[in-house]
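A.B. asks: The residues making up each chain are set out below.
There are 2 protein chains.
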Amino acid sequence: MERIAIIGLGLIGGSIGLAIKQSDVGDVQVAGSARTRGTVQRAKKLGAIDIEAASAAEAVKGARLVIVASPIIAMRAVFEEIAPALAEGAVVTDVASTKGDVSRWAKELLPATAHFVGGHPMAGKETQGIDAADADLFRGKPWVITPSVDASESAVNTVVGLAQLAGAVPMFMDPDEHDSYAAAISHLPLLLSTALFSVAQGSAAWPELAQLASSGFRDTTRLASGSPEMAHDIMISNRDNVLHWLDRFIAELTRYREIVAAGESVAVIEAFTRPQIERENFVVNGPPRRDDREPMEKVSLSEMLLGSKISGFMNKQQEIIKAAEARANGKRP
Amino acid sequence: MERIAIIGLGLIGGSIGLAIKQSDVGDVQVAGSARTRGTVQRAKKLGAIDIEAASAAEAVKGARLVIVASPIIAMRAVFEEIAPALAEGAVVTDVASTKGDVSRWAKELLPATAHFVGGHPMAGKETQGIDAADADLFRGKPWVITPSVDASESAVNTVVGLAQLAGAVPMFMDPDEHDSYAAAISHLPLLLSTALFSVAQGSAAWPELAQLASSGFRDTTRLASGSPEMAHDIMISNRDNVLHWLDRFIAELTRYREIVAAGESVAVIEAFTRPQIERENFVVNGPPRRDDREPMEKVSLSEMLLGSKISGFMNKQQEIIKAAEARANGKRP
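Residue numbers (our numbering), protein chains in the order written: chain A, 10 to 342; chain B, 10 to 342.
Don't read these hints as lab results, they were simulated from the structure.
Warning: the hint list may mix true and false statements.
If chains are identical, the list can't say which one is meant, so a pair holds when it fits in one copy or spans any two.
Keeping only pairs whose Cα atoms sit at most 20 angstroms apart, straight-line, the calculated EDC-like set for lysine to aspartate or glutamate is [claimed, not checked]:
id	residue 1	residue 2
1	K134	D228
2	K54	E162
3	K150	D228
4	K53	E287
5	K54	D145
6	K116	E97
7	K116	E162
8	K70	E11
9	K134	E289
10	K134	E287
11	K116	E90
12	K116	E89
13	K70	E97
Every value quoted in this text rests on a predicted model; they were computed, and no experiment measured them.
Construct the complete structure from the given sequences, taking the supplied hints into account.
C.D. replies: Structure (structure tokens):
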């Protein structure tokens, strides 16, 4: 029976476990480890794992696929711990919200006999921890896969299969490119959401403000309920990109401030009309088309685990990475 | 048969019509008018109104309750138009997102024989217009009622009855107090949401960013999809309060920027921990308790329309207004 290991059983690790267990992947055993024994027991009880491992090293023993779902900053230590215990040819992936540092740690610490392919399932919710785990958390959401140029085809396909098994939309990206984009689309919103909640809740009028809070305030501050540890790890490991986008945002907000302060009707309505139209377009039609990013074929994780060779992906992936590198060198987003 | 008039049949006006028509209010006819004849016809077809009125003045003829759901800036002209046509003793309310200007226009323009009691149902959604109308839009949401100190008891109770009929949570507030609080809890989030979408969509990397956009980006930018006309009216009519809170927010965001830039772990985690804990507390336990704002008794709109006297509200309301005025005079939120 094939073995999959999950290191870290919070919202993401737990949800991946549930997604695997509730899928039709077949004869697979999921071993899990976490910082506390209680979490591992709870994951077993909820059906997210089959085997309670006492440590990360124990969990990965004999595993064909290892999913590291620890906090970002902890991943370095996890890689150090599992490196000697990894099976020959094991595929290692992760779920960190930033990919640059993690990819470098993997290259530095994991043995050449293992295959690291980074990943970032872009999904979350208002509640954290194993009890919030949900097999459908990733359904329809992006799952970024950041293979190094020398990653093996079957390793990449294994991680694509995992994303597809969870119902996510796999997409390839260079690790550093991912971090720059994620700073804009994910880490900046996290900062704004937190600062907005903080300024309202920190006000002397908070009891009155809270009475008035409706769905708009709730939606815009939802990200403030995320794990502070995860926010910390993101801000530390993706600091420069976050600051870059934060400064762009502050400049944009200052532009809006000037428009509101001037109170000139045409300028005010124009400032709200373009975003409204463009967001409507985005919601209805989805992201703008990119000719070089086509939808992927469906690949099954079990085929991947069984080592069957599926071609086509690698070529497409190489093209995408080359295009991404050209973009990354040519212009900063 | 009692008559209710709704002037303006967008998302809010249309949803109020549906809520009235789908309630157990009994023998009530709803007359509606809007800027275009097509909207009025559509509202009739959707069951939001019974009578298609050719103008606001025609709609209010013989109506016991008039709900003005036009854009804020248009309300002055609506008041001018309906003033000569209002029935003796008619109760006039509105749904504007800002209450100061509207209350002053009502005082200036509406006849002394009518009773104006301002209102603001704090609900919205991603789509606008009569086709987005929903009888349940207001369910569980705050519906702020801003009576002047000389408002009649039965007029106030009529508007409370309307809010309760729609399933909303009525709460009393001074108009200017409302505008200050709404700037923080509603208009500032609208600005941030719009500026965030604008900076992402305006970037050369938007095609890549959009691919990565997940529920977090979607939630934090939802308000950017609101009506640009409404945003304009809010920014114009509540400019000073919006600027006040925008500056407080920029200061808070700058504080976060410094913490991220310094990259000191303890400070970073602390900056995300307090908002996370406080928002969790807010989501689980609701707003902090205010001793002077108790839940209201259930009052039926039909009783109000039939003129029955219900006591108790006025005294409580007067107390609340006095307390609000004391707060407004004593401290700026």
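A.B. asks: If a hint holds in the structure, say so; if it does not, say that too.
C.D. replies: Against the structure, the hints come out as follows:
In this homomeric assembly, K134 and D228 come within 20 angstroms of each other (Cα to Cα) both inside a single copy, at 11 angstroms, and across copies, at 11 angstroms. Proximity of K54 to E162 under the C-alpha cut-off of 20 angstroms is found in neither arrangement, the shortest distances being 35 angstroms within a copy and 58 angstroms between copies. Proximity of K150 to D228 under the C-alpha cut-off of 20 angstroms is found in both arrangements, the shortest distances being 18 angstroms within a copy and 14 angstroms between copies. Taking the shortest alpha-carbon separations for K53 and E287, neither the intra-copy value of 45 angstroms nor the inter-copy value of 31 angstroms comes in at or below 20 angstroms.
With identical chains, the CA atoms of K54 and D145 are at most 20 angstroms apart within one copy only, with a shortest distance of 18 angstroms there and 38 angstroms across copies. When the C-alpha separation of K116 and E97 is checked against a cutoff of 20 angstroms, the pair qualifies only within one copy, where the shortest distance is 16 angstroms, while the shortest distance between copies is 81 angstroms. In this assembly of identical chains, the alpha carbons of K116 and E162 lie at most 20 angstroms apart only when taken from the same copy (17 angstroms versus 74 angstroms across copies). With identical chains, the CA atoms of K70 and E11 are at most 20 angstroms apart within one copy only, with a shortest distance of 11 angstroms there and 77 angstroms across copies.
In this assembly of identical chains, K134 and E289 lie within 20 angstroms of each other by CA distance solely across copies; the values are 13 angstroms between and 23 angstroms within a copy. In this assembly of identical chains, K134 and E287 lie within 20 angstroms of each other by CA distance solely across copies; the values are 17 angstroms between and 25 angstroms within a copy. Proximity of K116 and E90 under a CA criterion of 20 angstroms is satisfied intra-copy only: 14 angstroms inside one chain copy versus 74 angstroms between copies. Taking the shortest alpha-carbon separations for K116 and E89, only the intra-copy value of 11 angstroms comes in at or below 20 angstroms, while the best inter-copy value is 73 angstroms.
Taking identical chains as interchangeable, the C-alpha atoms of K70 and E97 lie at most 20 angstroms apart only when both belong to the same chain, with a minimum of 10 angstroms there against 84 angstroms between chains.
Hints 2, 4 from the list above are not met by this structure, while the remaining hints are.
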